[in-house]
Structure formats: structure tokens, C-alpha cells
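The lines below spell out each chain.
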Amino acid sequence: MSDFASRIEEIIPRLRRYARALTGDGGAADDLVQDTLERAWVKLHLWRRGSDLRAWLFTIMHNVYVNQVRSRHDEVPVDDDSLDAPQRATQTDLLEVRDIDAALRQLPPEQREVLLLIALERMSYSEAARALSIPIGTVMSRLARAREKLRLLLDSDAAAATLKVVK
Amino acid sequence: MSTQPVNDEQLLRWLDNELPDSVRAEVEAYVAEHPEEAARLAAYRRNDALIRARFDSVLEEPVPVRMRRQPRSALWRRAAMVGWFALGGLAGWYLHDVKRVDVAQAVPPWAHRAVVAHAVYAPEVRHPVEVTAEQEDHLVAWLSKRLGTNLKVPHLDAVGYGLVGGRLLPGEQAAVAQFMYQDPQGQRLTLYVRTNMEQNGESAFRFAQEGNVRVFYWIDRRLGYALSGEISKEELLRVAMAVHQQLNP
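Chains as they are written, first to last, in the working numbering: chain E, 4 to 170; chain F, 10 to 258.
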């Protein structure tokens with residue numbers, strides 16, 4: 004079991020990274036991780052030994068997140084600190100970093116979840132499908148829509164060409 | 010020669026390395042011949058990389074203490090302190106601590122009683138139990154009779170805790186049983202068992218903490234179990250799972 008604890012501990016940074024991207028807010032992200040961990044400890048006996056612990060934890064986080072989104076009608080507040088770019092960023096990078104934050108927030112939560120599991124967590128389609136309890140086809144259609152919307156928001160050429168549409 | 014048309018799903022799979030080898034070359038050739046599609050896919054790839062560049066730094070951040078398990082060393086230090094003060098009025102001090110915590114919101118009254126019973130008897134030096142483990146058969150028969158159900162006493166030696174013994178306690182409506190365990194360092198756990206739970210079947214483990222006492226409680230076939238101790242949540246859960254396993258072989 005302490006082996007289990009250390010394995011959970013190894014995954015915490017990844018849960019935090021995903022939560023940060025998902026919520027766009029450092030405090031809310033850590034609360035999400037904390038709630039996820041607490042639920043994981045309590046439901047530990049439901050986890051099947053030998054199954055993928057990372058997928059299990061992401062599934063729990065997804066459920067906690069869905070409940071939070073459902074119980075809260077307005078969008079997550081943006082914590083300015085969490086927008087701070089890494090130190091080495093140049094002015095242009097900084098602009099892009101802020102853009103990516105803003106663009107991610109414009110995606111519907113369910114599309115954002117899929118995109119982040121694939122792009123950030125580098126899950127396969129089937130892993131993402133299991134983590135979110137949805138069919139692979141749904142993973143792919145959400146992923147396609149998320150990527151296309153992000154492209155329109157971030158790619159200046161594409162944006163110029165479709166400005167009317169976006170507006 | 011022009012390549013076969015390729016659909017969006019295949020392009021997406023190609024981008025994410027989800028294509029079988031047999032189709033990959035075909036899709037690659039298609040992308041090479043269609044610069045607009047290639048540009049679109051390149052933008053997807055670039056944005057994925059931007060997302061990683063934006064958030065990968067989180068991986069390097071120190072994990073907040075509240076997310077990490079409690080280090081064992083601190084627990085043993087506290088256990089040693091408990092041993093020192095056990096002689097004088099510790100139960101009263103514990104109860105004071107327990108009362109301070111607002112337990113009304115979530116913890117059911119019976120689990121609260123289990124915690125109080127732990128706080129009263131765990132520090133007891135001379136009379137921690139009424140019947141000791143040497144008379145285990147008698148202990149189980151006696152408590153089974155008083156509770157009106159066939160009790161089983163789990164053996165937790167495999168997870169580091171030996172049976173000290175048990176005692177009969179008043180519950181809310183009827184008699185309840187308390188079994189006490191101890192590890193070689195003298196750290197004690199108590200397992201509180203009550204009958205007549207309204208909910209039949211099985212519940213998830215629930216966790217609560219009152220003062221220094223942590224408790225996992227659950228329901229299994231109309232019996233309520235509460236395992237209390239002053240060890241880390243993780244360690245306590247490990248023991249709770251062992252208890253559950255033994256009662257459900």
C-alpha cells in the first residue's frame with residue numbers, strides 16, 4: 004500500500020499540470036487535485052490491482068471536475084498569477100502563452116478535456132476514451148472540433164481568413 | 010499519380026500516430042500532395058506543442074504538502090509522546106480536543122462514538138481491554154452473545170498490528186464491541202463494531218478526523234465498522250482494507 008502511495012505521488016505533478024490547463028486557475032486546479040486525491044484514497048478498494056493507476060486517477064478527476072462545472076454556472080475566475088509565463092519567455096512567446104490560455108478557455112469543457120488528455124498528457128485515443136468514459140468516436144470528434152477552434156483562434160492567417168465566422 | 014482521397018478521421022489519426030502501418034504511407038502521401046491540409050495539420054501540431062510549452066513547467070513545481078502523505082517519522086515521534094503522557098488524564102485531554110471539532114456535519118453519531126471510545130481506551134495503560142487476546146475464543150463468544158450476532162475478530166499481524174483484546178461498550182441503542190490492536194512500538198488501533206445498521210449491503214470506506222484521531226468507517230451486511238487510530242490516513246486505510254478483506258474472505 005505504501006508502494007501505492009508512492010505511485011500516486013508520482014502522478015500528482017501530472018494531475019496538477021492537467022488541472023491547471025483545464026481550469027486556467029492555480030487555486031482551483033489544486034483544489035481539484037486535492038478533491039481527486041481524497042476521493043481516490045477513499046475509493047481505493049474499488050481500484051483493481053494491476054489496472055492503469057494513471058487512467059483511474061484521471062477518471063476520478065474528470066468526475067470531480069464535471070460535478071464542479073455542473074454546480075457552477077459561471078466560468079472559472081482567472082488567476083493572474085497562473086498566466087505568468089516561464090522566465091525564459093520572450094515578448095512574442097509571452098503573447099502566445101497568454102493567447103493559448105485565452106483560447107483554451109474558449110473551448111467547451113468537454114472539448115478542452117479531450118484535447119488536454121491527448122496533447123498534454125499524451126494519452127492514446129482509447130486511453131482518453133476510458134478516462135472520460137466515452138466512445139473513441141466521441142473522443143475523435145471532440146478532439147477535431149477543439150483543434151480546429153484553437154487553430155482559428157491562434158493562427159493569424161486562418162483567423163484573418165475566417166474572421167467573419169469567428170466574430 | 011494522384012492519391013486516394015483521405016477523410017478527416019484518418020488525418021487526425023495520422024497526426025496522433027494512431028494509424029496502422031498499412032495505411033500510414035498512403036495518408037502521408039495524401040498530405041504531401043495537399044499543402045492546405047498539411048498546413049492545417051501543422052497548425053494543430055504546433056498548438057499541441059504550445060499547450061505543452063505553456064503547462065509543462067507545472068511538473069517542476071514542488072507538490073504542496075497537503076497533497077503528500079504524512080511522513081512516518083513524525084508519526085512515531087507523536088506515538089512516543091503519547092506513551093509519555095499516557096499516565097495522566099490523557100483521556101480527558103483527548104475528549105476536550107474531540108469536542109472542539111465540529112462533527113455534526115458529516116460524521117454519523119456512531120462513528121463519532123467510535124472515535125471517542127478510541128480516545129478513552131487507547132491510552133489506557135493498565136486496563137486497555139476487558140478480555141485479553143490470550144482468551145480470544147472467550148472474547149469472541151462473549152461479545153457475539155452480547156451483540157446478538159456472530160462476530161469475527163480480524164487478525165492484523167500481517168499488517169503489523171497484534172490483537173490486544175476487546176471490551177463491551179454501550180452504543181446508541183445496544184451493546185457494541187471494541188477490539189484493540191497494537192504494533193511493536195505501542196501504537197494502538199481500535200476496531201469498533203456495531204449491529205443493526207439501517208443500511209444493508211456494503212458502503213464505501215469513509216474517512217473522518219477528530220482531533221488527532223483518524224477513522225475509517227464502513228458498513229458491511231448490517232454491521233458498522235470503525236477503525237480508529239492516530240496514524241496516517243494512508244497507513245490506517247491499509248489496515249482498514251486488511252480488516253475488510255478478512256471479514257469478506
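None of these hints come from the bench; they were simulated from the model. Built from N, CA and C at the ideal position, the CB exists for glycine as well. Errors might be hidden in some of the hints.
[Claimed, not checked] Rough simulated footprint, nothing fancy, chain E against chain F, three-plus residues with beta-carbon under 8 Å: (1) 20-31; (2) 58-67; (3) 127-138; (4) 214-223.
Checked hints:
no. : hint    : result
1   : 20-31   : holds (count 4)
2   : 58-67   : holds (count 9)
3   : 127-138 : violated (count 0)
4   : 214-223 : holds (count 3)
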